[in-house]
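The task is simple: from the sequences and hints, build the whole structure.
There are 2 protein chains.
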Amino acid sequence: MSRRVTIRDVAKEAGVSTATISYVLNNKASESITPETIARVNAAIEKLGYVPNLSARALRYRKSNLIGVVIPQTEPGKEFMFSNPFYGDFLSAVEYTARTRGYRLLISGTSVGQSYIEIAQNHGLDAIIILGIYPTDDINAYKETKIPLVLVDCYRNDHFFHSIGTNDRHGGYLAAHYLIRHGHRRIAFVSGAVEEVGVNQKRLFGYHDALDEAGIPYDRELIFSGNVGYEYGAETALDIARNHPDVTAVFATADIMAAGVIKGFSDAGLSVPGNVSVVGFDDVFIANISSPSLTTVRQNIKEKGRVAVELALDAIDDPSGPKREVIIPLEVVERDSVRDIG
Amino acid sequence: MSRRVTIRDVAKEAGVSTATISYVLNNKASESITPETIARVNAAIEKLGYVPNLSARALRYRKSNLIGVVIPQTEPGKEFMFSNPFYGDFLSAVEYTARTRGYRLLISGTSVGQSYIEIAQNHGLDAIIILGIYPTDDINAYKETKIPLVLVDCYRNDHFFHSIGTNDRHGGYLAAHYLIRHGHRRIAFVSGAVEEVGVNQKRLFGYHDALDEAGIPYDRELIFSGNVGYEYGAETALDIARNHPDVTAVFATADIMAAGVIKGFSDAGLSVPGNVSVVGFDDVFIANISSPSLTTVRQNIKEKGRVAVELALDAIDDPSGPKREVIIPLEVVERDSVRDIG
Numbered sequence: 006m007s008r009r010v011t012i013r014d015v016a017k018e019a020g021v022s023t024a025t026i027s028y029v030l031n032n033k034a035s036e037s038i039t040p041e042t043i044a045r046v047n048a049a050i051e052k053l054g055y056v057p058n059l060s061a062r063a064l065r066y067r068k069s070n071l072i073g074v075v076i077p078q079t080e081p082g083k084e085f086m087f088s089n090p091f092y093g094d095f096l097s098a099v100e101y102t103a104r105t106r107g108y109r110l111l112i113s114g115t116s117v118g119q120s121y122i123e124i125a126q127n128h129g130l131d132a133i134i135i136l137g138i139y140p141t142d143d144i145n146a147y148k149e150t151k152i153p154l155v156l157v158d159c160y161r162n163d164h165f166f167h168s169i170g171t172n173d174r175h176g177g178y179l180a181a182h183y184l185i186r187h188g189h190r191r192i193a194f195v196s197g198a199v200e201e202v203g204v205n206q207k208r209l210f211g212y213h214d215a216l217d218e219a220g221i222p223y224d225r226e227l228i229f230s231g232n233v234g235y236e237y238g239a240e241t242a243l244d245i246a247r248n249h250p251d252v253t254a255v256f257a258t259a260d261i262m263a264a265g266v267i268k269g270f271s272d273a274g275l276s277v278p279g280n281v282s283v284v285g286f287d288d289v290f291i292a293n294i295s296s297p298s299l300t301t302v303r304q305n306i307k308e309k310g311r312v313a314v315e316l317a318l319d320a321i322d323d324p325s326g327p328k329r330e331v332i333i334p335l336e337v338v339e340r341d342s343v344r345d346i347g
Numbered sequence: 006m007s008r009r010v011t012i013r014d015v016a017k018e019a020g021v022s023t024a025t026i027s028y029v030l031n032n033k034a035s036e037s038i039t040p041e042t043i044a045r046v047n048a049a050i051e052k053l054g055y056v057p058n059l060s061a062r063a064l065r066y067r068k069s070n071l072i073g074v075v076i077p078q079t080e081p082g083k084e085f086m087f088s089n090p091f092y093g094d095f096l097s098a099v100e101y102t103a104r105t106r107g108y109r110l111l112i113s114g115t116s117v118g119q120s121y122i123e124i125a126q127n128h129g130l131d132a133i134i135i136l137g138i139y140p141t142d143d144i145n146a147y148k149e150t151k152i153p154l155v156l157v158d159c160y161r162n163d164h165f166f167h168s169i170g171t172n173d174r175h176g177g178y179l180a181a182h183y184l185i186r187h188g189h190r191r192i193a194f195v196s197g198a199v200e201e202v203g204v205n206q207k208r209l210f211g212y213h214d215a216l217d218e219a220g221i222p223y224d225r226e227l228i229f230s231g232n233v234g235y236e237y238g239a240e241t242a243l244d245i246a247r248n249h250p251d252v253t254a255v256f257a258t259a260d261i262m263a264a265g266v267i268k269g270f271s272d273a274g275l276s277v278p279g280n281v282s283v284v285g286f287d288d289v290f291i292a293n294i295s296s297p298s299l300t301t302v303r304q305n306i307k308e309k310g311r312v313a314v315e316l317a318l319d320a321i322d323d324p325s326g327p328k329r330e331v332i333i334p335l336e337v338v339e340r341d342s343v344r345d346i347g
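Those sequence lines, one after another, are chains A and B. Residue 6 is where the first sequence starts when you use my numbering, and the numbers rise one by one after that. Residue 6 is where the second sequence starts when you use my numbering, and the numbers rise one by one after that.
One or more hints might be untrue.
All copies of an identical chain are treated as equivalent in the list; a pair is satisfied when it fits inside any one copy or across any two copies.
Claimed, not checked - Below, simulated SDA-like cross-link-like pairs (lysine to any residue); rule was C-alpha separation at most 25 Å, straight line:
#1 K307 <-> G274
#2 K83 <-> N293
#3 K52 <-> N145
#4 K151 <-> R13
#5 K307 <-> S88
#6 K68 <-> Y55
#7 K52 <-> S120
#8 K17 <-> N127
Source of the hints: derived by calculation from the structure; they are not laboratory data.
Below, the structure is given as C-alpha cells:
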C-alpha cells in the first residue's frame, strides 16, 4: 500500500521495458524508441507520480550530491559537541552554502571502532568536510579513498587536501598579550585536551610566546586542560580560586569554557572582572550574553563554513588540482570581562 | 588518477562481466557462476579495495539508510535557526539514536520556492523527521510521497503520521501560573510568531488560562511576538521598560529570548529579578549560564530526539501500522530569575 512508485510500475503502465524507461529518463537516443513511446512513458510517469531515484543517477554519474560533515563528538562513540555553539554556527553556514550550490549534508558521528570512511564510501559522498581530526584517525586512509576532503582546524595536512583554519598560535598570543598589556602576570590557561599538533597546543604556544616576550616565567601549574565545556570551565575556576589565589586573569580557549569560568569564580565569591579578568576565544553569541560580556578572540565562523564548502566544491571539480590553504584572520573583541590592573 | 574503483574495474580485473560481480556481491545463486569465479571476484575486490556503493544497494532494496531532518530556518531560503541551542540539542540526540540503529542524517534546508519533498525523493530518504511545520507546507503532499514521516511539535497532524511533542498549552499555563503564585499580575508574553495551531499559539492559550483562573484581565498590549532570538528579546524588554512600567514579569517562550529579555532590562537600568521577574521555556544550557540563572519550563529535548527516531524506525518497519502520539512532560525548574512580590 505504502511502497513507492518504482521504475517497474512505470514500465508496466507504459507497456515497455524498464530499460526503455531509463533511456527516456536519461534522454538517450535510441533508434528503437519512437516519439510515441516517449510520450507514453512520460504520461505513465506523470500519472503515477514517479520520481527517479537519485540513487540511480548517483550510480550512473557516480555523484550523490551529498557532502559529509564530520563534527567532533564529546567522546568516541558519543553525541556531537553541539553544546558548544561554534558547531551550530559552522554547520548553519556550511548547509546554507552547500544548499545554494545544490548539495545536501550527510551528518553522522561514528561508533567506537567504526571508521567514518566506511560511512563515506557506503553513501558515495562527493566530498567530506572534517572539523579537527581525531588523533586515532589515519589520514592516509582518507587519501586512499580518493574522496575529496577539506580539513578544518587541522594541523596534520601535508598539502594533499584543501584546508581552512586560523592561526591559532597567533590567537593564543593575542589573548595573553592583551591581558599582559592590562597589567596581568599570573595568567591561567584553560582549554580542551592539548593534543600534539592540535589547535589547543598551538594556542598554548602562543600564550607562551606572549609570556616570553614580557619576561614572565611560564608556570606549568597554571595550565588546565579537560573537556571543552561550561562545566569544566566552572570546576577549573573553583580550583583556581582555591589553590591559586595569586591568579588575576584566565585565558579560556573557547567562549563556552570562559562562561563556565565566570560562573565558577562567581560561585567562589569572586567577581569578573573585579577580582579576576577573563578572555575567551571564538566570539559565539555566548560572549554577548554572558555577564559580564566577554572579551574574546574573534574568528569569523560563518566565513569558515562558507569557505569550507567552496573548497569542497573546488576539490570535486578538480580533484587533482593544486591544494589551497585558507587562514581566517583573528582579532580581539573588547567587552567587559577584563580589568586593567597595571 | 583520483576516480574511485568501480564495479567495471573489478570486472576487468577478474575477467568476468559486471553482472557476475553483482551476482557475487548480492550472494545470488546462479548455475553459471562457479566457486572459482566467486573466488576470483573476491580476490579482485580485495586487491582493488572496491567498496560496493550503497546507492546500488539502495536501488535494489529501496533503502538509503538516510533519515532527513527538517530544521526550521530563520526565514524562508535562509540559514538554520541554530542560534537557538534547542536545535543543536535535538539534532545531537537524533543523530546519536539514528547512528546506533545504522542510519545517517541528511540535513538540508530549502531555498525559496523549493519543496523539501523534492529533496526527500531525490535522495530516496527512508523517513523524515520534521520539526514544526511551515504554514506554507502542504501536509497532504507528504502523504502522497508515502515516505514515513514523524512530526515534532506540530499541531496539524490528523493521525496519518507518528508525532511527538509537548502539551504546550499546559506549558504556557505552568509559566504564567508560577508567576501569578509569586504575586505577579501584569505579565508580558514574549514569543516567536503566534501562528494558527502552532506551539506559540498554544502557549499563549495556556498563559490566558492561568490569567483567567486568577481573575486577571487579559491585555493584548502585553503580547509581543517576533523573531525567536536573543535580539528580539532584548528589544522587547527595552520596549516594555519604556512603555509598560507597570509590568512586573515576563514569560518568554524560549530561553534564548528570555536571555535577551534579561539583557534588555539590564540595558534599561532594571534588574532581574529585582525589578522584573522572567520565566523562560526549554531549559537549554543558556538557562544555567544566564545571569541570573533562569527559572524555566523544562522539556526533555534529548528524549524528544530519541523518541522521534524510534517513531521513524517504527514507521519504516510498519508503514501502515497504527500511528502513535507521544507527549513529553513539562515541569517548572526554579532558579533565580523570579522574585516573590505577593
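Results for each hint:
1. K307 <-> G274: neither (37 Å within a copy, 33 Å between copies)
2. K83 <-> N293: between (29 Å within a copy, 23 Å between copies)
3. K52 <-> N145: Result: close only across copies, 17 Å inter versus 50 Å intra.
4. K151 <-> R13: between (34 Å within a copy, 17 Å between copies)
5. K307 <-> S88: both (17 Å within a copy, 12 Å between copies)
6. K68 <-> Y55: both (21 Å within a copy, 17 Å between copies)
7. K52 <-> S120: Between copies only: 20 Å across chains, 43 Å inside a chain, cut-off 25 Å.
8. K17 <-> N127: between (31 Å within a copy, 22 Å between copies)
In this structure, only the earlier hint numbered 1 is contradicted, and the remaining ones agree with it.
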